[in-house]
Structures are given as C-alpha cells and as structure tokens.
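Undergrad: If you want the building blocks of each chain, they are given just below.
There are 2 protein chains.
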Amino acid sequence: METRDRIVRSAAKLFLTRSYQSVGVVDLCAVADVRKGSFYHFFPSKAALAKAVVDLHAAELDRQLTAAGDDDPGARLYAVVDAVTVIQTGFEKRFGAVVGCPFGNLAAELSTTDAELREHVAGVFTRWEGTLAQACRHAAEHGVLRDGVDPDRLAHMILAQVQGLILLAKVTAAPAAEITAGLRTLLAATVREEA
Amino acid sequence: METRDRIVRSAAKLFLTRSYQSVGVVDLCAVADVRKGSFYHFFPSKAALAKAVVDLHAAELDRQLTAAGDDDPGARLYAVVDAVTVIQTGFEKRFGAVVGCPFGNLAAELSTTDAELREHVAGVFTRWEGTLAQACRHAAEHGVLRDGVDPDRLAHMILAQVQGLILLAKVTAAPAAEITAGLRTLLAATVREEA
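In the order they appear, the protein sequences are chains L and V. Here this note's numbering is used: the first residue of the first sequence is 15, the next is one more, and so on. Here this note's numbering is used: the first residue of the second sequence is 15, the next is one more, and so on.
FYI, nobody ran anything at the bench for these hints, they're computed from the structure. No residue lacks a Cβ here, since even glycine has one placed at the ideal position from N, Cα and C. Among the hints, erroneous ones may be present.
For the chain V half of the interface with chain L, some residues (derived, Cβ under 8 Å), not all of them [unchecked claim]:
1. R23
2. K27
3. Q35
4. S36
5. G38
6. A121
7. V163
8. L181
9. L182
Using the sequences and the accompanying hints, generate a full structural model.
TA: Right under this line is the structure:
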C-alpha cells in the first residue's frame, strides 16, 4: 500500500475507534508505520488528514449507494437502508461494536472547533441528502410515498434518522441490527406498503 | 454561586461551545475562576466533572419535558418538540449557533474512549426514551397514532430524529428552527391529523 494511503487508512481506523482529538500525529505515525517527516510531507496538519479520511469514507458511501441502486422507486429508498447496513455491520465486525458514522462523529466533535472541517463534512451531508432527495422525488412521482409526505422533507428525515440511530446504537452499545430495524420503521411510516 | 456549581456551569458551556477533549482543566479553572486545588477538591478528574455536566443538562431536560407536559395524548407528543425547541433555541441565542445536544455531543465524542461516561450518557438516553415511550403508548391507547405505528418503535424513532436533526443543524450551520420543523414532519407522518 502506498504511504499516503496507509496514513489515511490508519487515521480512518483510529478516528473511528477512538476520536479525532484523542489521536495524535505520533500515534498516527506509529500505526501507519511512517516517520513524522513523511507524514508532514503528505499532510501539513492533522486537519488536512481528517479531510482525506472524510473523502475516503465518502467514496465508500457513494460505492454502497450505487451498488444498492435500483430502478424501482420504492426499492431505491430501501436500498439506502441496505447501504447503511453494509457499512455499519462492517464496522461492527471489524471493531466489535457500533463506533458511529465517520461523518457524524467528526461533525459532532469538530463543528464547533474547526470551521473548515465542519464545512468539509457538511458538504458530504449535503451531497448525501441530495442523492436521497432524488430517490424520494422519484418515489413521490410514482405515487409510492404516503399521503402528505413531502419528498424533500423525507430526505432530510431519513438522513437525520440514520445519524440519530447510529448515535443511539453507539452510546447504548446496541447491535448494528437496531440501526437497520429503525430505518425500516421510518420507511414503513412514510412509504406505501405495496411499494 | 457556589464554587462547585460555578465549575459545572463553566464546563457545560465550554464542552458545548468547543468539545470535551479540547477543554483542559486549566481552561476550566480559568473560566470558573477557581484554583486547581479547589477544582480537584470537587472533581477527582475531568471525567467526573463531565458526569456532573450531564446531570445538570438532564435535570434541565426533565424540567422542560415536565413543563411541556399535557394530558391530551396527541399534545403530549408535540410537547416533546416544544421541550427540544426551548433548549435548542436557548443555546442558539446564547452561543450564536446550534452547538449540538449536550448528551449527543458527549455520546459521539466519548463512547469509544470512556466506558463509564458512555454508560452515564446512555442512562440519560434510556430514561428519555422511557418517558417518550410512555407518551407514545398513551397516544396509542387513545387511537392517536397512525395505523401500523408501534409506540415503542416510535419513541426510539423520535429520540433518534431529535439527535439526527440537531447534529445536521450543527454541522450545516442551520438555524434551530430546522430542528423544530423536522420533528413536526416526523410527528405528522406518525400521529393522526385530528390529534
């Protein structure tokens, strides 16, 4: 693996299993097996590395959302549940517990202390909500949403539900399966059964 | 104000407007205007202080949930929206932005690094979900929930939505009013209109 890639993947793991602030450049260099000089060659700061970590996770999310894609309007909404499930059960298997959403974790920890990182993470959420809104509008056009459910509000509600469910599973040490069940409950309340 | 109380309130403010890890005991002593010796007299560690901060916020949440209480089954659910709105618009006025949920922030930042604090915060969420579940069951018994909506699942869904909406508002620098609007959208999808 290339040095830069090794640093980013080590950071992704450490930020997820610990937190951004609790991991220092010394820890990162030790886990990635690189020297400090090499680290700073690729990343002028830990914040610059955090951006690369966000981009790594964002690329994985895009891959999962595309893989779970489907032309059927109802199925496209449930595909979002599948994408989140694959990612969260993957973390659960790797780390032995739900460790949070990579974006949500950084959003909660850094929004108040690093305006640039906040905007970078906000960009991921905005794009994700845009993708969701497309699926919701597609569902609305095909009469798949329950009466009175606005597609753009539903997109925001699904994204918030994903974040809230992951956070609750993390803090209560619940299994990732609870995230999947919770998302299905929201869709059952907003998408027609026959969909 | 008593010294202990001054330390807890200063910590509550600093943890909310920055983060737990980014605030040191030295900062806390400076803002609370106490000496280190006095600090450690009341709190053996920053983690012990964090527990007291959680308890302070939990008491305020209880107060708001009780104040917003109502006998009408539908109104009792909407009262949860009012309680969250009062707290979040309060923070927005004080700090100039949505800074997150005091419990959600600590849950996201510390669940992976401090098992004892994780359990303490989880306790608040479990109690909060219990209160919500009571209101949801009361609503179900009075036929106020839409067909197929399970009261216990709805309680979990509302709590997750609260957390997710606050997190999204924080990271996208959106106004607290978006949290209120989002919660009303969820209730509109799950509670009968005539309620």
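Undergrad: Are there hints from earlier that the structure breaks, and if so, what are their numbers?
TA: Violated hints (numbers, rising): 1, 2, 5; every other hint is consistent with the structure.
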